[in-house]
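Novice: These are the residues of each chain, in order.
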Amino acid sequence: MMRLDADWYDFRDLGNTVGSLLEQIRDWGAPDWVPYVVSGLIGVLAILLWTILSVLAFIWIERRVVGLMQNRIGPNRVGPNGLLQPVADALKLLFKEPITTRDADRILFWLAPIVVFVPTIVVFAVIPFGERMVLADLNVGVLFLIAVGSLNTIAIFMAGWSSNNKYALIGAMRTIAMLISYELIQVLVLLAAVLFVGSMRLGDIVAWQADYGVWILFLQPLGVLGYIVAGAVEMNRSPTDIAEAESEIVAGYHTEYGGIKFGFFYQAEYLAGFAIAAVIVTLYMGGWTLWGLEEWVPGWLIFLGKLYGVFFIYIWSRGTLPRLRIDQLMAFAWKFLLPLSLVNVMIVGGEKLLWQEAHRHRRRVLFALSYNNFVRTRRCRRAEPDSRGRVPDPELRRSGRTLHNIIGGFHCCHAGPDLRGCRLSAYSVRDSADADRRPWESRDVLASAGPSAGAARGVYAGIRGDRH
Amino acid sequence: MITELFADYIAVLIATILGFLLVAGALFGNRILAPRQPTRTKGVTYECGMLPIGRSRTQVHFRYYLFAILFLIFDIEAVFLFPWSVAFVKIGAQAFWEMVVFILILAFGLLYAWKKGVLSWGKET
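Read top to bottom, the protein sequences are chains A and B.
In terms of my numbering, the first sequence opens at residue 1 and continues consecutively.
In terms of my numbering, the second sequence opens at residue 1001 and continues consecutively.
FYI, nobody ran anything at the bench for these hints, they're computed from the structure.
Hints may contain errors.
[Unchecked claim] Cross-link-like lysine to aspartate or glutamate pairs, in silico, DMTMM-like; alpha carbons within 20 Å at most: (1) B:Lys1042 / A:Glu97; (2) A:Lys352 / A:Asp137; (3) B:Lys1090 / A:Asp204; (4) A:Lys352 / A:Asp204; (5) B:Lys1042 / A:Asp103; (6) A:Lys352 / B:Glu1098; (7) B:Lys1090 / A:Glu97; (8) B:Lys1115 / A:Asp327; (9) B:Lys1042 / A:Asp105; (10) B:Lys1116 / A:Asp327.
[To be verified] Which stretches of chain B does chain A cover? Using the computed rule of at least three CB atoms under 8 Å from a CB of chain A, they are: (11) 1018-1032; (12) 1051-1059; (13) 1071-1081; (14) 1087-1093; (15) 1098-1112.
Source: prediction; values computed, not measured.
Heads up, the beta-carbon is just placed ideally off N, CA and C, and yes, glycines get one too.
Generate coordinates for the entire structure from the input sequences, incorporating the hints supplied.
Specialist: Shown next as structure tokens:
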């Protein structure tokens, strides 16, 4: 791989800067542990600064973008274009009176925001932001990600239980049922990626993808889809935010939280989103490499670009899709994604065996495998009723539709301003089994929507796999 | 003397401590900056604006526990699979077939739970 031998002030490789500083410290004759601690401190402070700035920026970006998608303006009063709105919100939360209810379990109640927030920072310790820009390249990186990422289950139960509130308890129970179901899928899907690379070190996984020039995204499309859905659930955001479904259980597990404690739950949600996007980028999209471009552009810029791109998918789905019910989500996890990810592990194992055999044409075999896997992933649609209306299993069919609604539900934003209002009817078309018998909801909506509807129909047909 | 093995974990420890300090600092700042006037009504648990009725720690459906047990089984499976995935190259085809059998046994368990209706949330099976 390319190594940038630059001066310490070269911003293309921030790892260099820290490296030369550490050399300096060693030259001064400091004890062994000083460079370790100093590098750790610098890294953690950089990560903290980056996360806080990104969260502040993305709160504004998300609210404006979702506002655009839903035909409204979004925050535009505080500062130019409402840019200072997140700052104002943070200050407001900081100045609010902290209320602890009389019946609450005080210790757990105060501990929960801490336990939910700290792991979201720690997760970033193993993420390689660029060449040599990783805080701790653990040899069990993926396992560490899973272990630390699943700590929020405990924190959420702490919050829900200690609030001594019915809504909070119901919200916490729901969340845990949902989180553990999707955690399994996350683990199995990551396992498949680890299996093919043969290392749990995130740096190795990035290097492998850079060496062969093939992202794991192309090799295991099924795994990526599973991880994207499981990630959406993990970060508790719409369309899978049943943990805090406002219309059902007030605010779920943080009903009793206000002020800065609520702020930490909110921020932890965002950070979990960034962490999941970072994992997707690192494991599936080549991390900070981009087919040689990293020689010219700083790797961390590539990484952040990819990360924000992936995060935008989640903003998009939030602006587009209505909330799913808990039975839909659970059935989707256990009856659709879990069997699929088990099959995925077995198939990837077989492919790995095959690939081991191919000594000379390793890259070509990789491309063949990618093609094969893509075709297979498309076939997963078979869980939906096929063109002749055959349905394997109603439960499976419902689950298959859920996959479509989460992954394929993005087309209406494509279609331009004319279609922005039609989102829900397009959704209900896909949700109703007799979509074809209700043409006024499917094609006529698109047909009457102006010039951009043709493109929309193309996208729509492409997603459905229909031949209109 | 700090060995290379622990060097990485020192960074993780520092991240934990700094994260904790950040939250603790903000909570402390909140304590200093914010007004504090607790009243009796403020301390009441929220329940749609009414006085709360009965205990808050209500019973939950046992289905949650069934899901938890299923989760445990498959999570342990995943724990077994991770070392396998790293050692896969060295052992070769043998490891593959061994694990296929292992996964199939557990998949059979999932099928059993499915047919028993454990995985269904509503009344319909």
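Novice: It remains to establish, for every hint, whether it holds in the given structure.
Specialist: Against the structure, the hints come out as follows:
1. B:Lys1042 / A:Glu97: 11 Å, holds
2. A:Lys352 / A:Asp137: 25 Å, violated
3. B:Lys1090 / A:Asp204: 17 Å, holds
4. A:Lys352 / A:Asp204: Distance of about 17 Å is within 20 Å: holds.
5. B:Lys1042 / A:Asp103: 12 Å, holds
6. A:Lys352 / B:Glu1098: Holds: lysine 352 (chain A) and glutamate 1098 (chain B) sit about 15 Å apart, inside 20 Å.
7. B:Lys1090 / A:Glu97: 60 Å, violated
8. B:Lys1115 / A:Asp327: 17 Å, holds
9. B:Lys1042 / A:Asp105: 16 Å, holds
10. B:Lys1116 / A:Asp327: Given that 20 Å is the threshold and the Cα spacing comes to 16 Å, the pair holds.
11. 1018-1032: Coverage by chain A holds for the region 1018-1032 of chain B (11 residues, Cβ < 8 Å).
12. 1051-1059: As far as the region 1051-1059 of chain B goes, the hint holds, because 4 residues have Cβ atoms under 8 Å from chain A.
13. 1071-1081: Contact hint for the region 1071-1081 of chain B vs chain A: holds, 5 residues under 8 Å.
14. 1087-1093: holds (count 4)
15. 1098-1112: With 6 residues close enough to chain A, the hint holds.
The structure does not agree with the numbered hints 2 and 7 stated previously, though it agrees with the rest.
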